[in-house]
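Whole structure, please, built from the sequences with the hints as guidance.
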Amino acid sequence: MKPSQPNKLPTWLAQPTTPVPRAPRHQVNFLARNQRHVQALLARLAQPAPVPRATHWQLTPPMRLLQLGLMLLVISLVHSPVGLWLLALLIGGQLLLLSPSQLRRFIVSWALSSLLALSFIWPSYWLAGPSTLLLFWGKSSLLLANAQYYRVTTALTDFLTALKAWHCPDVIVMTFAIALTYLRMLGNYLLQTMAALDMRTVAPTKHPYRLIGSLFGQLYLKSYAYALELYAAMEARGFNGHYVTVPTTHVRWRDYLVVSPYVGVLLVLILRGV
Amino acid sequence: MELIKTAALSYDYPQTCGLDHLDLTIQTGEFVCLMGPNGSGKSTLLRILSGLAVASAGTYTFDGQVIDAAWLARPAQRQQLHQQIGMVFQNTDVQLFNSSVAEEVAFGPRQLGLSPAAIDQRVTDCLALTGATAFRDRVPYQLSGGEKKRVALASVLALNPTVLLLDEPLNGLTISAQTEMLALLQQLQAAEKTIIMASHNYQQVQTVGDRFIIFNEQHQIAADVTQAELAAQTTRQAELMKL
Amino acid sequence: MHIPDNYLSPATCGTLAVAMTPIWTVAVLKVKVQIKQHRETLPMLGIAASLAFLIMMFNLPIPGGTTAHAVGGTLLAVLIGPWAACLALTVTLVLQAVLFGDGGILAIGANALNMAVIMPFVGYACYRLGQKWHHEKLGLAVGAYVGINTAALVAGIELGLQPLLAHSASGAPLYCPYGLNVAVPAMLLAHLLVAGWVEVAFTLLVFQFVKKVAPTNLYQTPIRTNQRPWLYLLGGLVLLTPLGLLASNTAWGEWSTSELKTMLTQQHVSTQVPQGMVSGLHFKALFSDYAIAGLPVSVGYILSGVTAILIFLLLMRGLQHETQPTK
Ligand SMILES: Nc1ncnc2c1ncn2[C@@H]1O[C@H](COP(=O)(O)OP(=O)(O)OP(=O)(O)O)[C@@H](O)[C@H]1O
Ligand SMILES: [Mg+2]
Numbered sequence: 001m002k003p004s005q006p007n008k009l010p011t012w013l014a015q016p017t018t019p020v021p022r023a024p025r026h027q028v029n030f031l032a033r034n035q036r037h038v039q040a041l042l043a044r045l046a047q048p049a050p051v052p053r054a055t056h057w058q059l060t061p062p063m064r065l066l067q068l069g070l071m072l073l074v075i076s077l078v079h080s081p082v083g084l085w086l087l088a089l090l091i092g093g094q095l096l097l098l099s100p101s102q103l104r105r106f107i108v109s110w111a112l113s114s115l116l117a118l119s120f121i122w123p124s125y126w127l128a129g130p131s132t133l134l135l136f137w138g139k140s141s142l143l144l145a146n147a148q149y150y151r152v153t154t155a156l157t158d159f160l161t162a163l164k165a166w167h168c169p170d171v172i173v174m175t176f177a178i179a180l181t182y183l184r185m186l187g188n189y190l191l192q193t194m195a196a197l198d199m200r201t202v203a204p205t206k207h208p209y210r211l212i213g214s215l216f217g218q219l220y221l222k223s224y225a226y227a228l229e230l231y232a233a234m235e236a237r238g239f240n241g242h243y244v245t246v247p248t249t250h251v252r253w254r255d256y257l258v259v260s261p262y263v264g265v266l267l268v269l270i271l272r273g274v
Numbered sequence: 001m002e003l004i005k006t007a008a009l010s011y012d013y014p015q016t017c018g019l020d021h022l023d024l025t026i027q028t029g030e031f032v033c034l035m036g037p038n039g040s041g042k043s044t045l046l047r048i049l050s051g052l053a054v055a056s057a058g059t060y061t062f063d064g065q066v067i068d069a070a071w072l073a074r075p076a077q078r079q080q081l082h083q084q085i086g087m088v089f090q091n092t093d094v095q096l097f098n099s100s101v102a103e104e105v106a107f108g109p110r111q112l113g114l115s116p117a118a119i120d121q122r123v124t125d126c127l128a129l130t131g132a133t134a135f136r137d138r139v140p141y142q143l144s145g146g147e148k149k150r151v152a153l154a155s156v157l158a159l160n161p162t163v164l165l166l167d168e169p170l171n172g173l174t175i176s177a178q179t180e181m182l183a184l185l186q187q188l189q190a191a192e193k194t195i196i197m198a199s200h201n202y203q204q205v206q207t208v209g210d211r212f213i214i215f216n217e218q219h220q221i222a223a224d225v226t227q228a229e230l231a232a233q234t235t236r237q238a239e240l241m242k243l
Numbered sequence: 001m002h003i004p005d006n007y008l009s010p011a012t013c014g015t016l017a018v019a020m021t022p023i024w025t026v027a028v029l030k031v032k033v034q035i036k037q038h039r040e041t042l043p044m045l046g047i048a049a050s051l052a053f054l055i056m057m058f059n060l061p062i063p064g065g066t067t068a069h070a071v072g073g074t075l076l077a078v079l080i081g082p083w084a085a086c087l088a089l090t091v092t093l094v095l096q097a098v099l100f101g102d103g104g105i106l107a108i109g110a111n112a113l114n115m116a117v118i119m120p121f122v123g124y125a126c127y128r129l130g131q132k133w134h135h136e137k138l139g140l141a142v143g144a145y146v147g148i149n150t151a152a153l154v155a156g157i158e159l160g161l162q163p164l165l166a167h168s169a170s171g172a173p174l175y176c177p178y179g180l181n182v183a184v185p186a187m188l189l190a191h192l193l194v195a196g197w198v199e200v201a202f203t204l205l206v207f208q209f210v211k212k213v214a215p216t217n218l219y220q221t222p223i224r225t226n227q228r229p230w231l232y233l234l235g236g237l238v239l240l241t242p243l244g245l246l247a248s249n250t251a252w253g254e255w256s257t258s259e260l261k262t263m264l265t266q267q268h269v270s271t272q273v274p275q276g277m278v279s280g281l282h283f284k285a286l287f288s289d290y291a292i293a294g295l296p297v298s299v300g301y302i303l304s305g306v307t308a309i310l311i312f313l314l315l316m317r318g319l320q321h322e323t324q325p326t327k
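Protein chains in written order, with the UniProt record's numbering: chain U, 1 to 274; chain E, 1 to 243; chain D, 1 to 327.
Read the hints as simulated data drawn from the structure, not as lab findings. Remember, predicted model here, so these are calculated numbers, not experimental data. Incorrect hints may have been included.
[What the hints assert, rightly or not] Think about it this way: if two alpha-carbon atoms lie no more than 35 Å apart in a straight line, the pair counts; the simulated DSBU-like pairs of lysine-lysine are:
(1) D:LYS30 / U:LYS206
(2) D:LYS30 / D:LYS212
(3) D:LYS211 / D:LYS32
(4) U:LYS206 / D:LYS137
(5) E:LYS242 / U:LYS206
(6) D:LYS212 / D:LYS36
(7) D:LYS36 / D:LYS137
(8) D:LYS211 / D:LYS137
(9) D:LYS132 / D:LYS212
(10) D:LYS32 / D:LYS212
(11) D:LYS30 / D:LYS211
(12) D:LYS132 / D:LYS211
(13) D:LYS132 / D:LYS32
(14) U:LYS206 / D:LYS36
(15) U:LYS8 / E:LYS5
Now the structure itself:
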C-alpha cells in the first residue's frame, strides 16, 4: 500500500543504490573461513551421542578415560617397531567395532591430523635420518589414532562423568560443564555476528583487526552478561556451591579386568627401564 | 520488474527441514509479508535471500543472477550482493558490533568511500528516520531491545539497499513505535525499495503489506495472496490472527 | 604452540604435570577468594574457558595471505584476573586435547605451563607495571608480546631438551628429534616475527573495545592484602617438586657445559645406524642395555607424579568442605 503522507526521506535514500565501482583485487576472506570453522565446531558439539556398542565389555566412562591415558603412556614408552606393530593391531581391531559412519569420520580426521604431524617432523630427516623420522611418525599416528578413537566413541558428557567419577573437585567439573555448554552459545553468537558483519561488508576491509577487536570485545561482554545471568539462575535454584548434575558412575570389577593388561604392560615396561 | 525468483528451493538443517520446495517471484517495489507459525521457515528463507545461506536444492535468482555457493565464494560478488540487500536480524543483539551507535551506523557508508561530511549526513538522517537520535553516542551493547531494533534498522538503511529483509522488526516495539516504523517502511517502498518482512502479528501488518506469503508447519507455502485477496478469505484471516 | 603427544618424553610430561599441581592448587584458592567478592566469577570461569577456546580457534589474517591465531593468555589475565585466567585456560587446553584433538593429552602439563601460567602471568605483570607508570596500553602491548614469546621460548626449551634427555643407546632421539639449537630458534622466530605481533594487535584492540564500552567489566586488581603466605607456599612447592625429581634422575645432574656441547654436536652431525632397524632385530639386546644401573628413571618420575596428583586431590578434597553444605 502506498503511503498517504508526503515523502520525507532524505534524497540519498530516495535514490536507487549506486554500486561502488571497484578494482578487482585479491582479497583474503577471513570471515568466510572462520564461519566455516565455527560451523564445524558447532556441528561437532551438536553431534548425537555415539551409539553404544552392545557388547558385554563396554567400559564405563571413567575407565575409558583411564584406558586412554594408559594406552597413550604405553605407546610413548614402547620404542620397538614390533611392539608398536602389535599396538597398532590392537587399535585396528577396536576399529572393526565402529559403525561405518563412525569409521569414516575416524579415518578422515585421523589421516588429516597424522599428515599434519608429518609436516612438522619431516625436517628431522636431515637431522636424524629416515629411521627416526619413520619411527616418530608411526608413533605419532598411533597416538593420534587412539585419541581420535576415544573422541569418536565418547559423548562429550561422558568426559564429565569420568571426571566426576575420578573425584575431580566439583568446582572443576562444573567449570568443564559450563565451558562445554557455553562453547555452543558463544560459538553461535560469534557465528551470527560474523554473518551480520558479512551482510554489511560491501568493500574490502581495510582494518580487519579493528573489526576483530570489537567482535571479541563484544563476545567478552556477552560472556560476562551470560555469567551474571547464569549465576542469578543458579542462585534462584538454590545453588550452594555443590554442583551435582553429572551422574556418578561406579566402577565395576569387569572394568578393572579390562584395564589390568595395560597396567601390566606398563609395569613391565617401567621395571625393565625402557 | 522481476527481482527475486526461487525455483523448488529447499533447505535442510542437519537434523530438520528448514524449507521445502519453495517457488516464488517477487517484483521490485513490492512489500511482502512472510507469515506462519514458529519454526515454519521464515527466517531460513530470509537467510537464503540475503546470501548468508545457500539452498540445499533448487535455485535462487536475484536480479537475473543465479546466486549459488560458487558465486558467493567470490568476495567482490558477495559484497556487491550485500550492498543491494540489507537485513535486520531476528536477534538484533548479534547485529551491533561497534562501540557507539554513531559508529555502528557509519560502518557501512564508510566503506563506500564517501566524504566524512556525507557519512555524517547519512548517520544523522538514518538515526532521525528511525527515531534513534537520542542515543547517538550510547554503546549499542547497552541499549534496550527496542532501541537495538531501531539502531539495527538505521545501520542497514545507511547503505541504501534496494531490498530490505526484515526479520520480525516490530517485536519489542511499543504500539506507537510500530506505527512509526511501518510508516517509514511505506515511505521506503514509495522510493522503489523492495521490502520483505517476516512477522507473526497479522494485526500489525494487515494494512501495510501488498502481498502475504503464508507458510505452514511443513515448511511449505500454504498461500501466496495479495492484500485484497486475503481480505476476502475470512477463515484464513482468523487463522492468521491466532499466530 | 600446542605441543602434541610424542614430542615430550613421558618423564618430562610427568615432571611438568607435577610442577603444575601446586600452581593449580594456589589458583583454585585464589579464585575462591575472588569468588567471594564477585560471585559471578564462578560461572565466568567456564564461560571464559569457552571464550578462550574460540579465540584460539579464530583465524586472524596476516599480510601475505596466510592466517595465524592468537592465544589470548594476556588478554584473559587482564579481563578476568591472572589466576582465573590460569584455570580457564587450563580447562580450555584439556578440552582441546581430550575432546577436540588440539595438543597432546599426556603433554597437558607442559602446555598448561606455557600457555596457562607463563603467558598470562608474564603478560599481566607487564600490564601492571605499565599501569603503575601510567602507560597502561603500552604495558599491555609489551605484556602480550613478551608473554607469548616467553611461552614460546619455554616450549622451545622443553622440546629441545628431549634429544638430550631421552635417546636410545646409539644416541637416536626417542621423542622430539630437534635439539635446542633447532627447536628454540624455530619457536622464537615464528613468535617474534609473526605470532607475537598478531597477539599484540588482537589483545590491544579487544582491550580497547572493552575499556571503552564497559570499563567496569575489567578485572579490578584487589587491594593488596597479606599475600606473603601464598607466595611462599607457591614458591616452595614449585621449587621442591622438580628438585625431588632431579635427585632421582642422574641424567639431569650430569650435565656440564662441555658435555652439553658434545651431546648436541653428536646429535646433529653424526650419521647414525638406522635405529628402528637395530631395535627391531635385536629386540632383547636393546632391553638388556637399558635395564641397568639402579633405579630406572621413569619409576622415579611416575612415583612422584602419582604422589603429586594424590597431594593435589587431597588438597582439593580438604578445600571442598568449605563450600559444601553442612550435613
Ligand atoms: N541453526 C539451526 N540448526 C538447526 N535447525 C534449525 C536452525 N535454525 C532453524 N532451525 C529449524 O529450521 C526450522 C525453520 O526455522 P526458522 O528459524 O526459519 O523458523 P521461523 O519461521 O523463523 O520461526 P520463528 O517464528 O520462531 O522465528 C525450524 O524447525 C527450526 O527448528
Ligand atoms: Mg524466525
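Here is what the structure says about each hint:
Of the pairs offered as hints, the one joining D:LYS30 and U:LYS206 is violated, with about 42 Å between alpha carbons and a cut-off of 35 Å exceeded. A C-alpha spacing of about 28 Å is found between D:LYS30 and D:LYS212, which places the hinted pair at or below 35 Å, so the restraint holds. Under the criterion of a C-alpha separation no larger than 35 Å, the hint pairing D:LYS211 with D:LYS32 is consistent with the structure, at around 25 Å. With a C-alpha separation of about 23 Å, the suggested pair U:LYS206 and D:LYS137 falls inside the 35 Å cut-off, and the hint holds.
Pair hint E:LYS242 plus U:LYS206 does not hold up; C-alpha atoms about 49 Å apart against a cutoff of 35 Å. A hinted pair counts as satisfied when its Cα atoms are at most 35 Å apart, and D:LYS212 with D:LYS36 qualifies at roughly 27 Å. Taking the CA atoms of D:LYS36 and D:LYS137, the gap is about 29 Å. The hint holds against a cut of 35 Å. About 11 Å separates the Cα atoms of D:LYS211 and D:LYS137, which keeps this hinted pair within 35 Å; it holds.
A hinted pair counts as satisfied when its Cα atoms are at most 35 Å apart, and D:LYS132 with D:LYS212 qualifies at roughly 20 Å. For the hint pairing D:LYS32 with D:LYS212, the CA-to-CA distance comes to about 29 Å; that is within 35 Å, so the pair holds. The hinted pair formed by D:LYS30 and D:LYS211 meets the criterion: a straight-line CA distance of about 24 Å does not exceed 35 Å. At roughly 17 Å between alpha-carbon atoms, D:LYS132 and D:LYS211 fall within 35 Å of each other, so this suggested pair holds.
The hinted pair formed by D:LYS132 and D:LYS32 meets the criterion: a straight-line CA distance of about 26 Å does not exceed 35 Å. As the CA atoms of U:LYS206 and D:LYS36 are separated by approximately 44 Å, the hinted pair breaks the 35 Å bound. A C-alpha spacing of about 31 Å is found between U:LYS8 and E:LYS5, which places the hinted pair at or below 35 Å, so the restraint holds.
Violated hints for the displayed structure, listed by number in ascending order: 1, 5 and 14.
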